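Dock chain A against chain H, hints included.
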Amino acid sequence: MHHSIEVESLYFSYPDDHPALVNVSLHIAPGEKVALVGPNGAGKSTLILHLNGILTGQGRVTICGLEVGEKTLGRVRAAVGLVFQNPDDQLFSPTVYEDVAFGPLYQGLGAEEVAARVTSALSAVRMSDYAQRVSHHLSMGEKKRIAIASVLSMNPEVLVLDEPTAGLDPRARRGLIYLLRELPVTMLGASHDLRMVSELFPRMVIMDEGHIVADGPTGKLMEDEKLLEAHGLEKT
Amino acid sequence: MHIHFLDPYRPHISPVHALDGRVKFVLTVAFILTTSLTPVAAWPVYVLLFALILAVEILSGLGIGYVLKRALLALPFVLVAFPVIFTNGDTALFSFPIGSWMLTAHAEGLARFVSVALKSWLSVQAAIVMASSTPFPELLQAMRAVGIPRLLVGMFGLMWRYLFVLADEALRLMRARAARSGQSALAGTRSGGSMMWRARVTGGMAGNLFLRAFERSDRIYVAMLSRGYDGEVRLLPLQPMAGATWGALLAGLALLGLLLFFGILFWG
Numbered sequence: 000m001h002h003s004i005e006v007e008s009l010y011f012s013y014p015d016d017h018p019a020l021v022n023v024s025l026h027i028a029p030g031e032k033v034a035l036v037g038p039n040g041a042g043k044s045t046l047i048l049h050l051n052g053i054l055t056g057q058g059r060v061t062i063c064g065l066e067v068g069e070k071t072l073g074r075v076r077a078a079v080g081l082v083f084q085n086p087d088d089q090l091f092s093p094t095v096y097e098d099v100a101f102g103p104l105y106q107g108l109g110a111e112e113v114a115a116r117v118t119s120a121l122s123a124v125r126m127s128d129y130a131q132r133v134s135h136h137l138s139m140g141e142k143k144r145i146a147i148a149s150v151l152s153m154n155p156e157v158l159v160l161d162e163p164t165a166g167l168d169p170r171a172r173r174g175l176i177y178l179l180r181e182l183p184v185t186m187l188g189a190s191h192d193l194r195m196v197s198e199l200f201p202r203m204v205i206m207d208e209g210h211i212v213a214d215g216p217t218g219k220l221m222e223d224e225k226l227l228e229a230h231g232l233e234k235t
Numbered sequence: 000m001h002i003h004f005l006d007p008y009r010p011h012i013s014p015v016h017a018l019d020g021r022v023k024f025v026l027t028v029a030f031i032l033t034t035s036l037t038p039v040a041a042w043p044v045y046v047l048l049f050a051l052i053l054a055v056e057i058l059s060g061l062g063i064g065y066v067l068k069r070a071l072l073a074l075p076f077v078l079v080a081f082p083v084i085f086t087n088g089d090t091a092l093f094s095f096p097i098g099s100w101m102l103t104a105h106a107e108g109l110a111r112f113v114s115v116a117l118k119s120w121l122s123v124q125a126a127i128v129m130a131s132s133t134p135f136p137e138l139l140q141a142m143r144a145v146g147i148p149r150l151l152v153g154m155f156g157l158m159w160r161y162l163f164v165l166a167d168e169a170l171r172l173m174r175a176r177a178a179r180s181g182q183s184a185l186a187g188t189r190s191g192g193s194m195m196w197r198a199r200v201t202g203g204m205a206g207n208l209f210l211r212a213f214e215r216s217d218r219i220y221v222a223m224l225s226r227g228y229d230g231e232v233r234l235l236p237l238q239p240m241a242g243a244t245w246g247a248l249l250a251g252l253a254l255l256g257l258l259l260f261f262g263i264l265f266w267g
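Sequence order for the protein chains is H and A.
First residue of the first sequence? That's 0 in numbering that gives the first Met the number 0, and the numbers climb one at a time after it.
First residue of the second sequence? That's 0 in numbering that gives the first Met the number 0, and the numbers climb one at a time after it.
In isolation and in its complexed conformation, chain H is listed as follows (with noise of 0.2 Å):
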């Protein structure tokens, strides 16, 4: 049985020539949560856009088996549906509908298909009335939730959330706990909110300076402050 996510001793800087990640390795397995958590300019976002392809470094990138390269983008982006912090970069139909339905309608499906597929994704995150809303005049918490949906029609085998929490207030950070939580697909989730990642996620993967420095369950690593204290994280 392949993994999901397999990233091998992966390298890549910045044209300024920062290096933005050191000798990353990470694996994980079908069905798995794991938080990915870390300061600032850790190197959290920049793992995440290789996980399909938009950067590519030196090693090796796994997808469901597929390596991922100029041959395997399109299988890799269809595997990986990718949530990203700022929903309104995700965003950029005129209506709720067209957003949920940009994946499927690429990937070149039938009109029954797509419209089952925009269906079942907007249900699955309790949005089915807001179909034929603008896009832009949602709340946060709305479009984050839209941003999900538009990946979830794409019926992705991994689902990957960069700062999923962000911005959002409680309530709508709850409801959103709950939604990832029922979800039944692998899932890596990049997040400064501790309290979410130990509720949600019970692996957790710490990054500092483009370095993996911790992997284990979330409950033990949380518990060593020093370590959180040592990479900027703090448990609330």
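Keep in mind that the hints were calculated from the coordinates and are not lab data.
Predicted, not measured: the structure shown is a model, and the values here were computed from it.
Note that CB positions come from ideal geometry on N, CA and C, so glycine has one too.
Treat the hints with care, as some may be off.
As the list claims (entries may be wrong) - Far from chain H by the CB rule (all over 10 Å, computed), these chain A residues: (1) S13; (2) L71; (3) L172; (4) G192; (5) P236; (6) A250.
Said to hold, decoys possible - If you only want the chain H side, here are some residues facing chain A, beta carbon under 8 Å, derived: (7) A77; (8) S92; (9) Y96; (10) F101; (11) A110; (12) A114; (13) H135; (14) V150; (15) H191.
Frame of chain H; chain A shown alone:
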């Protein structure tokens, strides 16, 4: 993650980089004025002007290739002057028919066209050297120093500041689109969608970007108001220029003035 390539400034240690931004700004404008006021077909003056800008390029350490490659930007605009070859002058060079029309090229027109082309090429080079060797804030200061209205300078500054934010935003939008542009595992499906649909999506993105720029400008204005902005742009006073800097400015102006005088005297 950010877009930097829009910024033409190339940091480097050279006498041209070290020169006061105000001097560079004034001399560049003077160079462009001299070039455009030099009479048509004053070839030796063009050669001298070219030698001058070439010397500055070498001195700046930017590389002649770098400047010349970017100077090709002037090429499409030069085409506007193309018709003067046929409309200007009496000495016919050659003619050819287009339909029922007879087009005749004239020697005077040709000289004028080549002059226009050379002049724009030289002017663009001067602008490139200035923009590549002077950080933008210094250019803004220079604009203030020569008396361009502060509101206008303030607008240039804001435009510069938010151009990058907007470009970053566009980059993130395109990234999010790429992330959802997958390929189905099902046999017989062709990914990409139709041309029309893709055009519609791109149109939606452009509209979205416009709306966001619009809203951001509102938020920026509110943030300015809340810090006491009352429609008047207030800036720190400018540093006085040192004696040597004045010297460089006057020497540059004198040289350009001499070239212009020379050109008008013999070819005007």
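Can we trust that L172 of chain A is non-interface, i.e. its beta-carbon lies farther than 10 Å from all of chain H?
violated (5 Å)
Can the hint on A110 of chain H be confirmed by a CB-to-CB distance to chain A that is less than 8 Å?
The hint is violated - A110 of chain H has no Cβ within 8 Å of chain A, the shortest such distance being about 12 Å.
Any Cβ of chain H at or closer than 10 Å to S13 of chain A, or is the non-interface label fine?
holds (21 Å)
So, A114 of chain H near chain A? Judge it on the closest CB pair being under 8 Å.
violated (15 Å)
Say whether it holds or is violated: G192 of chain A keeps its Cβ farther than 10 Å from all Cβ of chain H.
Per Cβ check, G192 of chain A is inside 10 Å of chain H; nearest 5 Å; violated.
Would you settle whether the hint for H191 of chain H is holds or violated, based on the nearest Cβ-Cβ distance to chain A being less than 8 Å?
violated (18 Å)
Using the nearest Cβ pair, does Y96 of chain H come within less than 8 Å of chain A?
Interface hint status for Y96 of chain H: violated (12 Å vs cutoff 8 Å).
Interface hint outcome for F101 of chain H [beta carbon to chain A under 8 Å]:
holds (6 Å)
Does S92 of chain H hold up as a contact with chain A if the rule is Cβ-Cβ below 8 Å?
holds (5 Å)
Interface exclusion of A250 of chain A relative to chain H, criterion Cβ beyond 10 Å:
Answer for A250 of chain A: holds, closest chain H Cβ roughly 38 Å.
Claimed clearance of chain H by L71 of chain A, with the beta carbon kept past 10 Å:
holds (24 Å)
Given a cut of 8 Å on the nearest C-beta pair, is the interface hint for V150 of chain H held or broken against chain A?
holds (6 Å)
Hint check: violations occur at hints 3, 4, 9, 11, 12, 15; the rest are consistent with the structure.
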